[in-house]
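Q: Sequence:
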Amino acid sequence: LALMIPYAQGSELTDLPTVFRLPNAPAWLLGMANLHGMLVPVFDLARRFGIARPAPAKPMLLVLAHGADAAGVVIDSLPQRLRFDADALVEADTVPDALRGLVLRSALIEQQLWFDLDCTALLAALEQSFAAAH
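For this note's numbering, count along the sequence shown from 1 and bump the result up by 3.
Don't read these hints as lab results, they were simulated from the structure. Just so it is clear, CB atoms sit at the ideal spot from N, CA and C, and this is done for glycine as well. Be a bit skeptical, because a hint or two may be false.
To be verified - Restraint ranges, calculated between C-beta atoms of paired labels, are given here:
| # | residue 1 | residue 2 | range |
| --- | --- | --- | --- |
| 1 | PHE23 | LEU107 | 30 to 36 angstroms |
| 2 | ALA95 | LEU19 | 31 to 37 angstroms |
| 3 | ASP72 | PHE23 | 15 to 21 angstroms |
| 4 | ASP96 | ASP18 | 34 to 40 angstroms |
| 5 | MET41 | GLN114 | 35 to 41 angstroms |
| 6 | LEU81 | LEU25 | 26 to 32 angstroms |
Using the sequences provided together with the hints, build the complete structure.
A: Structure representation (structure tokens):
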């Protein structure tokens, strides 16, 4: 998936730290990581949404939100800055079913389809999925 997030919604980018697995947690919740003395849940979105991907050369952790709301997602490469105008926006039906309700808009940028992720909705959905699993 090519996901976009607004710069202000990411709070940190780091090498993937040691992640401590939680007993009986779903596979897409990789566990908890200690970031600067704060425990942060770490999620694998590809696993959560059933999307196959090649193993990343160097997985990294992108922390979304701030403070007590922070959560990490594993990413496959360094983020890149994207700029696009309204002409790049495409129809809402391009969003994969697994991401419905989690994407604000879609854009076709340099022949690649990108999804503008609603981080608040994503984190709420992950929390609900975890609660439903337990």
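Q: Each hint: holds or not?
A: Hint-by-hint comparison with the structure:
no., hint, in the structure
1, PHE23 <-> LEU107: 30 to 36 angstroms, "holds (32 angstroms)"
2, ALA95 <-> LEU19: 31 to 37 angstroms, "holds (33 angstroms)"
3, ASP72 <-> PHE23: 15 to 21 angstroms, "holds (20 angstroms)"
4, ASP96 <-> ASP18: 34 to 40 angstroms, "holds (37 angstroms)"
5, MET41 <-> GLN114: 35 to 41 angstroms, "holds (39 angstroms)"
6, LEU81 <-> LEU25: 26 to 32 angstroms, "holds (28 angstroms)"
In terms of the numbered hints stated before, the structure departs from none.
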